[in-house]
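Okay, here's what each chain looks like letter by letter:
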Amino acid sequence: MNRIEIDKLTKFYGERLVLDGIDLSVAHHEVVCLIGASGSGKSTLLRCINGLTEFDEGNVRLDGMDIYDESFGRTGLYKRIGIVFQAYNLFPHLTVLDNITLAPVRVHGRQRAEAEDAARKLLDLFGLGQYAKSYPEQLSGGQQQRVAVIRSLATDPEVLLLDEVTAALDPELIGEVLKIIRDLKTQGMTMVIVTHEMAFARDVADRVCFLDAGRIIEEAHPQRLFSSPENPRTQKFLERIIASGRLGASA
Amino acid sequence: MTRRPGKGRRTIALKDRLTPVLISLVSVIIVFGAIVYFVGSAEQWPRIQSQFFSIEAMLEAAPSVGRGFLVSLQIWIISLVCIAIWALILAIFRAMGGPYFAPLRIFAILYVDLFRGLPALLLVLLFGFGIPALNLPGLPNNGLFWGGVALVLSYSAYATEVYRSGIEAVHEGQGMAAKALGLTQWQTLRYAILPQALRNVVPAMLNLVVALQKDVALLSVLGVRDAVREAQIYTARTFNYSSLVVAAILFLLATIPMARLTDYVARRDRQRRLQSAL
Ligand SMILES: Nc1ncnc2c1ncn2[C@@H]1O[C@H](COP(=O)(O)OP(=O)(O)OP(=O)(O)O)[C@@H](O)[C@H]1O
Ligand SMILES: [Mg+2]
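Those protein sequences? They're chains A and B, same order as listed.
Quick note on our numbering: the first sequence kicks off at 5 and runs consecutively.
Quick note on our numbering: the second sequence kicks off at 3 and runs consecutively.
It is worth saying that the hints were derived from the structure and are not from the lab.
Bear in mind that the values here come from a model prediction, so they are computed numbers and not experimental data.
Check the hints yourself; a few may be wrong.
What the hints assert, rightly or not - When the alpha-carbon atoms are kept at most 25 Å apart in a straight line, the in silico BS3-like pairs for lysine-lysine are as follows:
no. : chain 1 : residue 1 : chain 2 : residue 2
1   : A       : K125      : A       : K83
2   : A       : K137      : B       : K181
3   : A       : K83       : B       : K17
4   : A       : K183      : A       : K125
5   : A       : K83       : A       : K240
6   : A       : K240      : A       : K189
Same shape as in the complex, but just chain A:
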């Protein structure tokens, strides 16, 4: 059974069709990258997977169970699927440590001391140990984004959704975030990643899906998709990317 099964997912914003019958499945430990032009629906698709955005038709299943199934309870789904946003969305009024422990303590009923221990371990692991008591604004963008990743890992999710997590970063900070994602892949995390970093997608993805106007019009292993795209729209998209020099050597 696949970890995530998406069936004929359709989503309208008002009159506008944003997702047009998406079918997508993600196996255990698989890393799927979503690429596509701005406005093609990548973020919306990601947010439908963990129920942040309601959709109109179709369904999404996690380990065979509909995400709106009662048995997930109110928080079960959010515990098992973590999401990281492009703009980090850390809470500016909370320290790094409190950002990370908020959900474990308030949502999952862990003891504060226990949650803080776990958070500190994660911070050390990602080289942010000395920033536990800092506020987000005191950190660099790359550090903030790493904290955001840790925050979503703090509840031990089985699936991680990443939405252009490097788009707001300076080039020299991108590497440190991408390294974390590679490490997570090594540890077997199932991930769906929206990215504009084609080199990274080629490097980390087991499969790349190209979205166009709310549809997945081509999906394949990155080697195949990047070297010999079949759909003319994919070809055009990749040509534009190559022209802008973003399909270079692996980062």
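Following the hints, put chain B with the ligands in place on chain A, whose structure we already have.
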């Protein structure tokens, strides 16, 4: 002669700084001096002075007006606390989405429409005279209490809107992040949104605080012996208005520092936002 590089520049800077200060000082002295001269030389001035600015009458009225002013301050502070809490509750009602909370949301909307639409003085009269006349069992029966309630109800409507704008100013990504972490709507408000919203609203709230301090004087129509009422009593007895000037001075002594504080906080807040926007 050896000169350190920065020195000459610093001298010029000092002169540059002093010139505008001197100009404003001189112009202020000329303008206000002229006003004082013309007022003082007016034919009526001695009469005005004895009616409004008689030192003797001021000193005589000061103790009772001062006592009244303490009453005003008490009403002000107690009302402030009640308004801050009640308006926050209403703003939370207003912010809760979803069908279950619709009644609370509608209540908050109607409340704000109603109490913002009515003049505070009208409410003070209605509550301060009307409710005690009902002789309701188990409820306090004095005008001061009900007048205070009227002020709280009226100002809470404005304060609710201030809170609401503060809540709406918090970036929507914050609510989304909280939801994605599994926080309930209430937890999202409590731990993610409100702490940021409260910081946003401090400058606007301080404006209300200053306005309320003056509107406490409305309670004098109910016979509450606040500063204005005490001053009126003195005036009625002696036909001298200096007591009202005493009350005016007391109000200014309290509100002007508040106004400066408001400016200061607003300026700091603006800088904080500018910085975080970078
Ligand atoms: N909250 C919303 N209300 C209305 N329309 C929306 C909303 N969010 C997204 N859309 C629309 O849905 C479409 C898909 O948006 P989405 O954010 O999923 O695109 P995207 O592929 O992530 O683009 P980008 O690469 O720019 O992030 C866009 O046309 C967008 O205008
Ligand atoms: Mg997007």
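Against the structure, the hints:
no., hint, result
1, A:K125 x A:K83, "holds (19 Å)"
2, A:K137 x B:K181, "holds (24 Å)"
3, A:K83 x B:K17, "violated (65 Å)"
4, A:K183 x A:K125, "holds (18 Å)"
5, A:K83 x A:K240, "violated (39 Å)"
6, A:K240 x A:K189, "violated (30 Å)"
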